[in-house]
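Working from the sequences, and respecting the hints, build out all of it.
Each chain is listed here by its residues.
Protein chains: 2
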Amino acid sequence: MEFQSCFPVWGNLSDVQQNHILDSLISREIKAGTVIHNGSADCTGLLLVRSGQLRVYILSEEGREITIYRLFDRDICLFSASCIMRSIQFDITIEAEKDTCLWVIPAETYQQIMAESAPLSNFTNEVMAARFSEVMWLIEQIMWKSMDKRIAAFLLEESAIEGTDRLAITHETIAKHLGTHREVVTRILRYLQSEGMIKLSRGVVEITSREKLTVIGNT
Amino acid sequence: MEFQSCFPVWGNLSDVQQNHILDSLISREIKAGTVIHNGSADCTGLLLVRSGQLRVYILSEEGREITIYRLFDRDICLFSASCIMRSIQFDITIEAEKDTCLWVIPAETYQQIMAESAPLSNFTNEVMAARFSEVMWLIEQIMWKSMDKRIAAFLLEESAIEGTDRLAITHETIAKHLGTHREVVTRILRYLQSEGMIKLSRGVVEITSREKLTVIGNT
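Chains as they are written, first to last, in the working numbering: chain A, 10 to 228; chain B, 10 to 228.
Computed spacing ranges between beta-carbons, pair by pair:
no.: 1; chain 1: B; residue 1: Val193; chain 2: A; residue 2: Asn28; range: 54 to 60 Å
no.: 2; chain 1: A; residue 1: Ile170; chain 2: B; residue 2: Thr173; range: 50 to 56 Å
no.: 3; chain 1: B; residue 1: Ser36; chain 2: A; residue 2: Glu181; range: 51 to 57 Å
no.: 4; chain 1: A; residue 1: Gly205; chain 2: B; residue 2: Arg37; range: 54 to 60 Å
no.: 5; chain 1: A; residue 1: Pro17; chain 2: B; residue 2: Gln13; range: 32 to 38 Å
Hint data in this document are derived by calculation from the structure and do not stem from the laboratory. Don't be surprised by glycine CBs; every beta carbon is placed ideally from N, CA and C.
Laid out in structure tokens, this is it:
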């Protein structure tokens, strides 16, 4: 898979702009568990995921976490290049959830081309709007949805990502995704188990009734 | 105050683009309390606030509200023209908090010029990034800050906006801004009163110790 075929507005850039990107493009391979971007101190550049999975999250001063969104094949991470826009005033952390291959377009290159290219700038608008939509969805979840429903929905999402009903995931990890405490997750998972929706064993959550879980997760 | 002097990238648009905007520009005067944009059904256009104050909020299915951000003189509202980007997949409601004068650039006009103008598209990116930053700030508040601190911070913010320590605001309105229940607000306001930070009377919250309130609101 080539960069050119993964980058959506490639055909709308001039030869000079294309060469500028290709000349500065960096390929990186990252092991699962690695933090690749950490707050506003970094301006890593624009990330384009070739394969793998990234988690974008925020950290509280006390070290609590909540997942903002996740990135999969061909997704683009804009906020790892927050220095390209002065109005980006927040810190995110990015971690590889799986072994991940990605391309990095250095922030300076991207910024220079975006300043002169309406297609690249409009593409950037669409990427940011898509992330904005995910964040607004998250606010609605946090505000209006109880934690049992959020956990049910999260387990179904994980199952869809992993393609299995048997999820190797700890209660602590679920808590970090949803911005809550491990104890809360454990209590709710036990309730879901008592209702016959899941089965818990060490480090594993197995979905035993997708139907019942969906009823909870989708309301 | 003229539109041209309020619209930041005016000087970077061509004569044709400038005339296109001026020909389709609409001036509106809106009474306090009026809802001027309601969910995705509307594509009102881009709003530029000439004077006044707008509140942008989301609504739950049960009718609960939370303020996402507020717009003041010379601020621009992008999401009232959500049809200009297909990736904007969320609904907001916009209400005038005070009598407001604004200009509306029809969505179609804005979209046409943005498609060809890198300056306008980059400006749109900056506006969206600024709103994104406000929304990320809101998530941090909701996730990591207790309601007494959020109410203290809100009262200080209101006081700064209104230029007075005597705020004509109901408990219900505070609850809608912060996405909580009136009963919760009443309980916390009484606590703040018992600590000598505010004084409550019918429809009024008066700040009596800005120092003490700031200690709570800023932690």
